[in-house]
Each structure stands twice: as C-alpha cells, then as structure tokens.
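Protein chains: 2
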Amino acid sequence: MEDRFKLLAERFAEIADLNAASAVLQWDQETYMPVQGCAARSNALATIQTEAHRRLVSDEVAGLLDAVEGWARARGEDSFEAAFVRTARRDHARARKVPGELVAELARTTSLALEAWQAARARSDFAAFAPHLEKVVSLNRRKAEALETGERLYDALLDEYEPGAKTSEVEAAFRVLREGLVPIVREVVAREGAVSSAVLNAECAEAEQFELCKEVVARLGYDFERGRLDRSAHAFTTTFSVDDVRITTRVKKDFLPSALYAAVHECGHALYAQGIDKRFERTPLNDGASLGVHESQSRLWENLVGRGRPFCAWLLPLLRKRFPDAFGRCSQEEFYRAVNKAGPSLIRVEADEVTYNLHVLLRFELESALVEGRLKVSDAPEAWNARMSDTVGIAPPDDARGILQDIHWAAGLIGYFPTYTLGNIMSAQFYAKAREALPELEAQLARGEFAPLKGWLGEKLHVHGRKVSAGRLLQRVVNGPLDSKPFLDYLQRKYAELYGFQP
Amino acid sequence: MEDRFKLLAERFAEIADLNAASAVLQWDQETYMPVQGCAARSNALATIQTEAHRRLVSDEVAGLLDAVEGWARARGEDSFEAAFVRTARRDHARARKVPGELVAELARTTSLALEAWQAARARSDFAAFAPHLEKVVSLNRRKAEALETGERLYDALLDEYEPGAKTSEVEAAFRVLREGLVPIVREVVAREGAVSSAVLNAECAEAEQFELCKEVVARLGYDFERGRLDRSAHAFTTTFSVDDVRITTRVKKDFLPSALYAAVHECGHALYAQGIDKRFERTPLNDGASLGVHESQSRLWENLVGRGRPFCAWLLPLLRKRFPDAFGRCSQEEFYRAVNKAGPSLIRVEADEVTYNLHVLLRFELESALVEGRLKVSDAPEAWNARMSDTVGIAPPDDARGILQDIHWAAGLIGYFPTYTLGNIMSAQFYAKAREALPELEAQLARGEFAPLKGWLGEKLHVHGRKVSAGRLLQRVVNGPLDSKPFLDYLQRKYAELYGFQP
Numbered sequence: 006m007e008d009r010f011k012l013l014a015e016r017f018a019e020i021a022d023l024n025a026a027s028a029v030l031q032w033d034q035e036t037y038m039p040v041q042g043c044a045a046r047s048n049a050l051a052t053i054q055t056e057a058h059r060r061l062v063s064d065e066v067a068g069l070l071d072a073v074e075g076w077a078r079a080r081g082e083d084s085f086e087a088a089f090v091r092t093a094r095r096d097h098a099r100a101r102k103v104p105g106e107l108v109a110e111l112a113r114t115t116s117l118a119l120e121a122w123q124a125a126r127a128r129s130d131f132a133a134f135a136p137h138l139e140k141v142v143s144l145n146r147r148k149a150e151a152l153e154t155g156e157r158l159y160d161a162l163l164d165e166y167e168p169g170a171k172t173s174e175v176e177a178a179f180r181v182l183r184e185g186l187v188p189i190v191r192e193v194v195a196r197e198g199a200v201s202s203a204v205l206n207a208e209c210a211e212a213e214q215f216e217l218c219k220e221v222v223a224r225l226g227y228d229f230e231r232g233r234l235d236r237s238a239h240a241f242t243t244t245f246s247v248d249d250v251r252i253t254t255r256v257k258k259d260f261l262p263s264a265l266y267a268a269v270h271e272c273g274h275a276l277y278a279q280g281i282d283k284r285f286e287r288t289p290l291n292d293g294a295s296l297g298v299h300e301s302q303s304r305l306w307e308n309l310v311g312r313g314r315p316f317c318a319w320l321l322p323l324l325r326k327r328f329p330d331a332f333g334r335c336s337q338e339e340f341y342r343a344v345n346k347a348g349p350s351l352i353r354v355e356a357d358e359v360t361y362n363l364h365v366l367l368r369f370e371l372e373s374a375l376v377e378g379r380l381k382v383s384d385a386p387e388a389w390n391a392r393m394s395d396t397v398g399i400a401p402p403d404d405a406r407g408i409l410q411d412i413h414w415a416a417g418l419i420g421y422f423p424t425y426t427l428g429n430i431m432s433a434q435f436y437a438k439a440r441e442a443l444p445e446l447e448a449q450l451a452r453g454e455f456a457p458l459k460g461w462l463g464e465k466l467h468v469h470g471r472k473v474s475a476g477r478l479l480q481r482v483v484n485g486p487l488d489s490k491p492f493l494d495y496l497q498r499k500y501a502e503l504y505g506f507q508p
Numbered sequence: 006m007e008d009r010f011k012l013l014a015e016r017f018a019e020i021a022d023l024n025a026a027s028a029v030l031q032w033d034q035e036t037y038m039p040v041q042g043c044a045a046r047s048n049a050l051a052t053i054q055t056e057a058h059r060r061l062v063s064d065e066v067a068g069l070l071d072a073v074e075g076w077a078r079a080r081g082e083d084s085f086e087a088a089f090v091r092t093a094r095r096d097h098a099r100a101r102k103v104p105g106e107l108v109a110e111l112a113r114t115t116s117l118a119l120e121a122w123q124a125a126r127a128r129s130d131f132a133a134f135a136p137h138l139e140k141v142v143s144l145n146r147r148k149a150e151a152l153e154t155g156e157r158l159y160d161a162l163l164d165e166y167e168p169g170a171k172t173s174e175v176e177a178a179f180r181v182l183r184e185g186l187v188p189i190v191r192e193v194v195a196r197e198g199a200v201s202s203a204v205l206n207a208e209c210a211e212a213e214q215f216e217l218c219k220e221v222v223a224r225l226g227y228d229f230e231r232g233r234l235d236r237s238a239h240a241f242t243t244t245f246s247v248d249d250v251r252i253t254t255r256v257k258k259d260f261l262p263s264a265l266y267a268a269v270h271e272c273g274h275a276l277y278a279q280g281i282d283k284r285f286e287r288t289p290l291n292d293g294a295s296l297g298v299h300e301s302q303s304r305l306w307e308n309l310v311g312r313g314r315p316f317c318a319w320l321l322p323l324l325r326k327r328f329p330d331a332f333g334r335c336s337q338e339e340f341y342r343a344v345n346k347a348g349p350s351l352i353r354v355e356a357d358e359v360t361y362n363l364h365v366l367l368r369f370e371l372e373s374a375l376v377e378g379r380l381k382v383s384d385a386p387e388a389w390n391a392r393m394s395d396t397v398g399i400a401p402p403d404d405a406r407g408i409l410q411d412i413h414w415a416a417g418l419i420g421y422f423p424t425y426t427l428g429n430i431m432s433a434q435f436y437a438k439a440r441e442a443l444p445e446l447e448a449q450l451a452r453g454e455f456a457p458l459k460g461w462l463g464e465k466l467h468v469h470g471r472k473v474s475a476g477r478l479l480q481r482v483v484n485g486p487l488d489s490k491p492f493l494d495y496l497q498r499k500y501a502e503l504y505g506f507q508p
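Protein chains in written order, with our numbering: chain A, 6 to 508; chain B, 6 to 508.
The hints are simulated quantities; they were obtained by calculation from the structure and are not laboratory data.
Computed from a predicted structure; not experimentally measured.
Be careful, since some hints might not be right.
Copies of the same chain look alike in the list, so a pair counts if it fits in one copy or across any two.
[Claimed, not checked] Pairs of lysine-lysine, BS3-like flavour, derived with a Cα cap of 27 Å:
#, residue 1, residue 2
1, 438, 465
2, 258, 219
3, 459, 438
4, 257, 219
5, 171, 140
6, 219, 140
7, 346, 257
8, 381, 171
9, 490, 438
10, 346, 465
11, 11, 171
12, 140, 381
13, 219, 326
14, 257, 140
15, 257, 11
16, 102, 11
17, 140, 490
18, 171, 102
Model the full assembly from the supplied sequences, consistent with the hints where possible.
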C-alpha cells in the first residue's frame, strides 16, 4: 500500500509542478512581461492548466485514491498520509464533479465578461455588462448544483475558497458585524475633521519608497533568500514552492501608505506561505487552510500590527531618514492618526479598516441573493446603491464607482468576497490570543522585534499549511468558533479613542 | 486531410506552449529567482520537459505525421505545410530514436558531471572529472549510434545543432580557416604593443552601463514591446514567442565592452528571433535555421558591425555623454583600436575575433576524436595543451584554464562547439552580401541608421525562421556553400591595418 501512496504522491507532485509553472508564468505576466507577450502567454497558461486539470481528474488518480484511502485513515486522522489523501480527494472530487463542458463555458464566458466589464466600467454602463453577469451567475448556479455541497446553493461556491464554511454561519457572523460597524461609522462621520491624513500626501521618490518596503518586510521576517519583492499594478503574493514565495507592491508617488501597507499586507500572506512545513512541498498540503485564514494573516500584519501605535513608533524614524522633507517634522501621533483616518468612501480597495467590511458585506449579500434567485441582475445596481447609502452612508454617483468597480464577478468569482471579511474577523481573534501568549508584544513591536509574533503565528498557524482545516485551526488556536466580537471590540476601542466618542 | 493537419498543428502548438513555459522558468532562474528557489525549479522544469517529450514522441503524433506527410509534400516543397511537416517529422524522429532509458541516463550522468566539473575546475583536477567525461563521451556515442545520421559517428551529434552539416565539410572549412588564422595571430603577437586597450579599463557606473546597453539595442532595432533586457551571470537570448524575445547582459564595472558587446551580441540573436514570420508562431518553424545561422547574426552585429569603425564613430558620442570621465578625451580611433586589440589568451569566452575560432577548432577536433575513438579521455589534456601552444601560441598553466574551462562537455553537449565558428564564417559571407546590396551601409552605420541592414537581414534570413534549411539559406543568400574565405579576408584586412603588417 505504501507503494500506491508513493505513486499517488508522485502524481500530485507533478500536478504541483505544473501549478508552480503556471504561477511563474502569471507572476512574470504581472511584473516583467513585455506588452506584446500577452497572447502567447495565454496559450501557454491554457495548455499547462489544462494538463494539470487532466491529471487531477484522471482515472489513475481516482484509482489510487480509492486504493489508499482506508490505509491512510488508519494511520490516524492527524497523520500526514490521512491529511494528504483528504485534501487530494477533495481537489480531485471537486474537479471531477464539474463537467468539462461547464468548465470550458465558464472560461469562455468570463473571458468575454472581463472584456465587457472593462468597457462597461469605463462608460459606467451597467446595462452593457448585465447580460454577461446573468451568464456568470447562471453558470455558477450550475456549478454549485454539480458540486452538491451543503444545503444552500451558495454553500458550494463559498466552499471553494473557504472549505467547510456555511452560508448561514457567515450570514450570522456578518449580521453581528454590521450591527457593530454601522454605529462606529456614524460616530466617525459625525467627527469627520477629528483626524487628518494630510501629512501622507507629501511626495516621496518612488525608488526610495520601494527600498523602504524591502527594508520593512525584511524586518518583519520575510526571507529574501526564499522570495523577492517586485512592483506590479495590483499587489499580490504567489507561491512557487515553500522556498520561493514572491510578493509585489505598487507605488504612488504622493501617497506612501499605498506601497507600504500593500507590502506589509502581502508580507503577511508570504510569512504564512514561507512558514509552511517543508515536508508539504509538492503536496496538496502546501497551501493555506483557506482564503479567510490567509487573509487573517495579511490583515493582522497590515492593520493590527501595521496601523498600531507601536509599529508606527518603530516605523517613523525609518521614514524620517529616507524622506526627511516629507516626514522630518511629523510626530508619531500625527502619523498614527493619519494612517487610521476613516470615513465613508465609494471604492472597496481604498476603504479604511472600519468601512471596508461593509463593502464586503454588501457584495456577499448581493451575490448570494443572485445565485439563490432572490435578486435579479437587473435589480442589482439599485440594491447596491441602497445598501451603500444605508450602511456605508454614501451613495455611488454612478455604477462605475458602484456595482461595476470590482473584477471578481466578471472573472466568474462568486463566493470569494466573504473570505476578505472572514479574514478580518479571524485576524482579531488570532491577535487577541497572540497578545495573551506574548505579554511583551506591544513593547517588542515598538522596538522592531517582530520575531516573537512571527514565531507564534508560525507555530500556531503557518506550519500546518492545509493539513488542518480552517475550522479546526480556529478552534485550536482561539478555543472557539468564528466570532466577530474581538474584531468589533478592537475597532470600537481604537476608533473611539481616535475620534473621541464613547465606545 | 486538412483536419488531420490541423490536429497535428494543434499538438505541436501545445508542445510549443510547454517549451515556452520551460523557457520562462529558465529565464527566471537566471535573472530573478531567489537563491533557494532552485530545487523546486528543477522539479517543475523536469515535469514540463518530460511532458513535452512525451507528447512529441506520442503515437498520436506519429500517426498524424504518417497521415499528412504525402498531402503536405504535394502542396509544394516550399509550402508552409510541407516545411511544417518536415521539421515536425525531424523533431519527432530524433526524439523517438533515442531510447528513453538513454535519455534518462544522460540526464543523470550530466547532472553528476556538472557537479564534478565545478569541483574539478576549482581545484584544476582533471583526473576527478575524467570518469565523468568518459561516461558523457560513451553515452553520446550511443546516442549517435541510435540516431544513425550520416556516415561519421560525429555527424549525428553535429546534426542536432547544425542540421544537415557534415563532419567532413566542417573539417575542410576549418582547415582552411586555421591555415589563414595562424599567420595572422603570429603577426599580431609580433606587434603586441601596437594596439592598446587601456582606455577601456576606466570605471563606469553599472546602472549607467545597463542604460547604455538598452539605448544601443533599441537603436539597433530590438523591439522592447516584444522583449526586455535584464542582467544575468552569463548573457543569453531566449524566445517565448515571436512577440516575447528576451535578452540579458552582464556588467563589469571596470570594463565597459563586457556589457556592451554582450548586449549587442544577444541583440543580434534577438533581431533574428523577433523577425521570424508571425505565422510560424506555435509551430516547429518558429526557430532559427540552425545554431550556426543564429550565431552568424549575433556575431555579425557584435563584430562586423559593432567592432567596425562606423559603429564606433556613432557610439563614442553616446559614451562621452554617459561617461564623461572615462571617455571624454578618448578619440574615435583610440576607441576603435582598443575594442579590437587581439592576442593569444587562455579563455575562449574572453578571446578576440582572431583567436576565438582557434579555441573552437581545438574543441571540435578533440570532441570529434573522442567520440570517434581516435583520442582517449586520459590523453585529452595533453592534446589540448599541445594544440593551444601550436595554434593560439600560449600553453595553459593548468587544466582549469585549459580543458576544464567550458561547461559544454559536463552538460553533455558534444557537437555544439563548431556552430560558434560556423556562425563566424557565415557572418562574413552574409555581411559581404549585405554590403553589395546596401552600397551606403557603412555611412548609414556611422549615422546610427541600422534599419537598412536590419531590414535586409530580416528579409533575406530572419523571416524564414526554420522553414528554409541552413544550407539552402546560405545558397540562396550568398549563391554558394559555406566558405571561410570572406571571413579570413575580413580579418586579414582589418588586422593588417590595425597592427601594421602586410595582409
């Protein structure tokens, strides 16, 4: 039986190789590829991804999985072998359940939808995008039906990005969150002028900003022998292997936080990916537990650490040294307040810590309602605008800055949005535990000693990769299920103090 | 039948995709990959290359080739279809003739040989490398036997890199070449002090050198929308598609020609690759006619253009502007003479235009004798040193600077070396024709007008890709076969004038 397992492992190692190659090709496309290289790159990616898919759904893999499943389970639920076979089975089964014809139609549809979306957004013309969205929704519904996961149709889509999560649980957690967030937003709006971010708009040379990002992520513990930082239009993290995890950032000349916090965010993802057990290399276990858990790590470093007073205290001398004109006369308190300015805004990716999740909540509500037939595509813009007014407190002047702003739906991604907020919720749960475990944490951060926190996260979360499910991981680390309260507590305390209202 | 051809084309398109992916992975490895990414990269490359090979030798491809061969030929020898099937058949047949077991053993052997070679070179210990070379030679002999190409055993190895070339013809051309080169070297040695390259040893900031390289290759016609220039330890050109051809150079702070001429050399390769007919994209025709023809293009731009008086006249003002300290007082004549200083040296890759080919000739003689059993591995260092003394006029003080200097044999590459010199020979044949066709050529070069030459080469050579064989291409463009005379004439004229002897 061990021979069969070895063969299975070999097959998945090759699939991992093909996926790594795909990732390299995509990384290159976003960073260094010359403009005209695009057409050939699409072909190369399609061929490699098709081959990876073919191998994943193959009868050989099916047979090997059947053969070793009992044997692996007998080695104990927590054994490497059982976890390997569990995740391999999941990937295989999901890939096999969706008919090839549906995969192909989704690819064709989203390719056209992406084009239509770009044009529609440019002209703020939702009607031009609507038929494409109709098709994306209906194909996602068919996909959900084929996957037969959970009671609710949306469960199957959510499960792709957040394995094991249930729509109803997410709804419950998000309800609590909204009820807590809306009052904070109201207080912040009422005191709009209490916090100024003017100091952040000074010009800082782009190359120097990039060097600062390198310095900061290296200090956080990102290993440049096993990764690199580059520039790209949208920041991202990508994993080729435990020993090659790359991050990117984007740089805006007159807004330093753009590059800095994107780099810290991606560094959070990368510390996770670089911290996974090396024995999981070339197996389905070499990944995060879920997108939500991954996002919890990026947001923990970006917000709970990066936008906290201790980090700002440590950072400011570095800024003063590199950008004396911009930050020479800025006080710690001024900087801390500036990077935490909150308030209603139209665009999710530019939103602050408080309002960000309201943007996500509305997307989750809309997309689950669309998939489950409670909302028509034609009614979606109105629903969007109404919810924006209600919860964020600002009404989009047009669909370009409303329902057309995100790429996700055009790309066929339904079920993805909630993982952003699940990540934020979990980040506070994990951070609260880290503070308990590391009583000196804040003092350490203020001194630029990030190793204790990185070490704690590594041991509690990162090393386990995909071996332990998101639900079990949370249970283990925080002794409880998903809970919005720590996150709300954190925001209430922080923003009450910042804006001067009663928490 | 057209349907079968379409299917065959699809299969080769996918093979091209896999090869392109491989090339991207290798490019990344040489340019940006973090040090520890190496192990995972080897795995990814092995998986992709194995898959490409599996598809190339598949029974499906064999069947399709059999089916369409007659139909394609009936469309005319010069048709796209006939050329496609001819090259596809060649690649398929060669890959199929070499048994999988031999391919695997070659891979294992060269992997160990490369390691052993590095260690042996560091300690100048040929004995430690000898058993590995024995094995490489014997496996190459088996490969040559399996390929059954030509009368001589070496023919089969040569044919891999220079399709259609015969060992005996190469020997004949090289004999003429040596007879012409040795006297030039003697004259140069006798007047050693006549040319000084001292001006080239001034320090020039590395970043500025790199910018100069970009400027120069852009002026030569390299299309940065379809390529890019990066730094790497060894300069190279790589093709992902007609629209994504990348080059690299290396930079030495105190020797500008290193970066500059490497960039011009690779630019010559890249102009070829960017100039191939776009209809050949994703077919076996999207490649050069042979390595020799490819090298003729790189050497034509590097030496016949780049080390000529008109180019130096155009270049010097650029150098003065970027490096006023280093070149502000340098005259055109001083610069021209400096970049053309010749003389015996130990290392091939650092050799000048005159002696370079003597280094290649000796490698060709030794490797063909090894493969064909006329020389024992144990006698090879002595043979190397004797020939170095005889022809180049300098004896290696140790094997590190002698027989151990090149990576090729350790990498299993036997039959590759002669293409360097075939390229030099052809470069002079092509350039002589270009001068006839473009009477204003030298004046144009002096004004930095490179488009006419690039256009002529593009039309006569580049556009045809691999559709026309090296032999036919040469015949078409210069109305004759391989001929060392134009190259010898060029060197004699140039060096007689430089060093002041009777040509």
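Status of the hints after comparison with the structure:
no.: 1; hint: 438 / 465; verdict: within (10 Å within a copy, 71 Å between copies)
no.: 2; hint: 258 / 219; verdict: both (16 Å within a copy, 25 Å between copies)
no.: 3; hint: 459 / 438; verdict: within (13 Å within a copy, 66 Å between copies)
no.: 4; hint: 257 / 219; verdict: both (16 Å within a copy, 26 Å between copies)
no.: 5; hint: 171 / 140; verdict: within (24 Å within a copy, 61 Å between copies)
no.: 6; hint: 219 / 140; verdict: neither (43 Å within a copy, 47 Å between copies)
no.: 7; hint: 346 / 257; verdict: within (18 Å within a copy, 49 Å between copies)
no.: 8; hint: 381 / 171; verdict: within (23 Å within a copy, 73 Å between copies)
no.: 9; hint: 490 / 438; verdict: within (13 Å within a copy, 81 Å between copies)
no.: 10; hint: 346 / 465; verdict: neither (32 Å within a copy, 64 Å between copies)
no.: 11; hint: 11 / 171; verdict: neither (34 Å within a copy, 47 Å between copies)
no.: 12; hint: 140 / 381; verdict: within (12 Å within a copy, 71 Å between copies)
no.: 13; hint: 219 / 326; verdict: within (15 Å within a copy, 33 Å between copies)
no.: 14; hint: 257 / 140; verdict: neither (36 Å within a copy, 57 Å between copies)
no.: 15; hint: 257 / 11; verdict: neither (49 Å within a copy, 48 Å between copies)
no.: 16; hint: 102 / 11; verdict: within (25 Å within a copy, 31 Å between copies)
no.: 17; hint: 140 / 490; verdict: neither (38 Å within a copy, 69 Å between copies)
no.: 18; hint: 171 / 102; verdict: within (20 Å within a copy, 56 Å between copies)
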